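Engineer: So the sequences go chain by chain: A and B.
Final position of the first sequence in this note's numbering is 118; the numbers increase by one with none missing.
Final position of the second sequence in this note's numbering is 644; the numbers increase by one with none missing.
Simulated from the structure, these hints should not be mistaken for laboratory data.
Just so we're clear, the structure is a prediction, and the values are computed from it rather than from any experiment.
Glycine included, each C-beta is placed from N, C-alpha and C at the ideal position.
Derived BS3-like pairs: lysine-lysine, alpha-carbon spacing no greater than 30 Å straight-line:
(1) B/Lys492 <-> A/Lys115
(2) B/Lys468 <-> B/Lys623
(3) A/Lys112 <-> B/Lys318
(4) A/Lys115 <-> B/Lys630
(5) B/Lys318 <-> A/Lys115
(6) B/Lys492 <-> B/Lys129
(7) B/Lys429 <-> A/Lys112
(8) B/Lys288 <-> B/Lys249
(9) B/Lys468 <-> A/Lys112
(10) A/Lys112 <-> B/Lys623
(11) B/Lys492 <-> A/Lys112
Covered by chain B, according to a simulated footprint, are these stretches of chain A (three or more residues, beta-carbon under 8 Å):
(12) 37-48
(13) 56-63
(14) 77-85
(15) 108-116
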Amino acid sequence: MPIGIFRIVLGLAASLVIVGAASGQGEGPRGNAQSGKQLFESKGCYSCHGFVGQGSREGPRLAPPLAFAAFVTQLRTPRAIMPPYKEALVSDQQAADIVAYLASLPKPPDPKSVKLLQ
Amino acid sequence: MSKSPKMKRRQFLAGAVAAGPALGLAAAAGKASAQTPAPRGSSVPPVPPNENVLPDATPLTEARSGSDFMVDVIKTLNIDYVACLPASTFRGLQESLLNYGMNTKPEFIMCLHEECAVAMAHGYAKVAKKPMAALVHGTVGLQHAAMAIYNAYADRAPVVVLSGNIQNTAARRPNVEWNHAALDQNTLVRDFTKWDAQPTSLQGAAESLVQAYDLATTAPMGPVLVTLDADLQEDPLEKTEEARLRIPKLTRRAHPQGDDESLREAAKLLVAAENPVIYANRYGRTEKAPALLVQLAEVLHAPVIDGRSRMNFPSRHKYNHSARREQALAQADVLLALEPVELWGLTNDVRDLSGRPNLRLSRQANLKVIHIGTESLLVKSNYGEVQRYAPADLPIAGDAEASMPSLIEAVKREITAARASALAARGEKLAAMAPRLLEQARADAAYGWDASPISIPRTCMELWDHLKNEDWTLPTETVFLSDYPHRLWDIKQSHNWNGSSGAQGVGYNAPAALGAALANKGTGRVTAAIIGDGEMMMTNTMLWTAAHHQIPLLAIVHNNRSYHMEVMHTLRMADRRSRDTSRIHIGTDITNPNIDYAVLAKSMGVYGQGPISNPSDLGPAIKRAIDVVKRGEPALIDVVSQPR
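With the sequences and hints as input, model every part of the structure.
Structural biologist: In structure tokens form, the structure reads like this:
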């Protein structure tokens, strides 16, 4: 199996295991949305996902966020071509702050209610 | 002296250059020594005894010159415009174009950088469906033009580049003219032109100019370069010589078409397939291209994936499945690739991960690939636009659009009544997916709709609101707009979308947009571009050209205040190495100070608005700018944007 595929499969498997486990575990550390907003920018998350997590051609939409455990799993063992963010680069607390920031963002309007999107 | 020195220069050129530089130098030395014998054994060059006294026969005026004849030739090619900035190596031609040619067919379009001149011609050609010329200075001007020529080459776009040179070393004035001349200046860009010439006679110039146009416009198309020698331009044209000159007639040839037997074989495979997929990339060459591809897709009831190097297929057609590219390709048992450019990449990938792993994408084991294209008909070695080798099961060398009518007929002949009903059933399923793809795009666009910096889909849809009831052209790339125009707009006609830059050389979009606007000038079409801020700063002098020539272009600056692709690249490296990400903005951000693009535009005579950060201000700003454009003037809006 090519190394790339192996990594992706491993990442997916790990993700499923941890997401499963997380569903029965709490939500992780309490996050600070204000700090999360700063981290979202300083850690470069915005560059692929947009300043409000809206997503782009380069990275999927992040808002509303995954549960903390699933978010951290994707962060540490990402799918596709996102580089992994290890604990040294983004701590669990910082990840929780980012999740809190993404959760604090207002819901988007219903596209059916936006005249320009008709 | 008994002979005109000018006549001697032309004679020198005809003999010396044709025989090669080394022989040329020897011939030059021979001519010079024949005119003024040097003292025996002396190394002092032969000069007149009193250098302030001109030879008696030196003409101070001339009636008709070689460059007048060059204008006669250029006028036979029906070239409407020549983009240029003035330069000494073609001063003869410039004067002839203005006074002998009366600045019509071609008309001068003054640019302030050679890269702009060539990129304008590139953008123009794809809308006008014919080339214009770009006239660039010898050596230094050609060096400036090189990247734009490279883009046009990689994009297989026809551009006629003209340049000047002072080939005769004995005719070069000291200092500057030596620096602005070369033995073989075309070698600078020979790796990425389809053809080049440096004619050494006026008859040769006539033939080279016509041949250049012919080659540039025959698929696979590409930029061509003709360097016109200064002596040929400036020397008087004697009546006896003129009587001998002939301008070859430009006759148009058909574009190369795939052979009938292979196209019949392709039709059999496509009709028999359970899940055929059509992939079109650099396919659309003329206004007819989208309708032809619609016909093929509707006969086969097959999905089309648009690679978007050209306007290939209507964005809202029920069989446009570009938004589910990977899913469609994963199910395909027959893939018809039309001018794919990157055939290998349709079934494989190199992941941007440590070690750059190669991987086979998820594809059916029995997948058959049919490739119709001209990629193999114009191949050079040094640059990588040929891309990675990928054998097709049925390779067909020929222009895909030219081959389309025969392929459609062959497909129709293969379809039995029973098969037609099975294909139609497949079509119903595919058609049912199309509205969902549009719905998904709209849902995605709603996220960040009211954000500041302004979201990309918001900018796109504010613009679309003003274009949708017009005849319009979007002449700029959409890859940095997360493809939202293709996902959300109703792009129907060939001129609605002008494809990609070819080689992704930054600096293409602004002047190419202006070239497209020039092609649209007077047609009533609105040309509206969305141009990255990094792009704009590379070639912003096109704004002055737009104002000077009153070319109506709406330029929206997608101002994310960075070379954002490089932000992502640097971030990727820092992440991969688990290092600090706080310094990635050094050398990538375009901030401190922020550039005021509206002021930049105004400084060059262009209507400018912005910076606009509040999304609710954007619609009214676009309305005002479109009003300006409809008056026949250019306008710019600076939109402070999300990165992508």
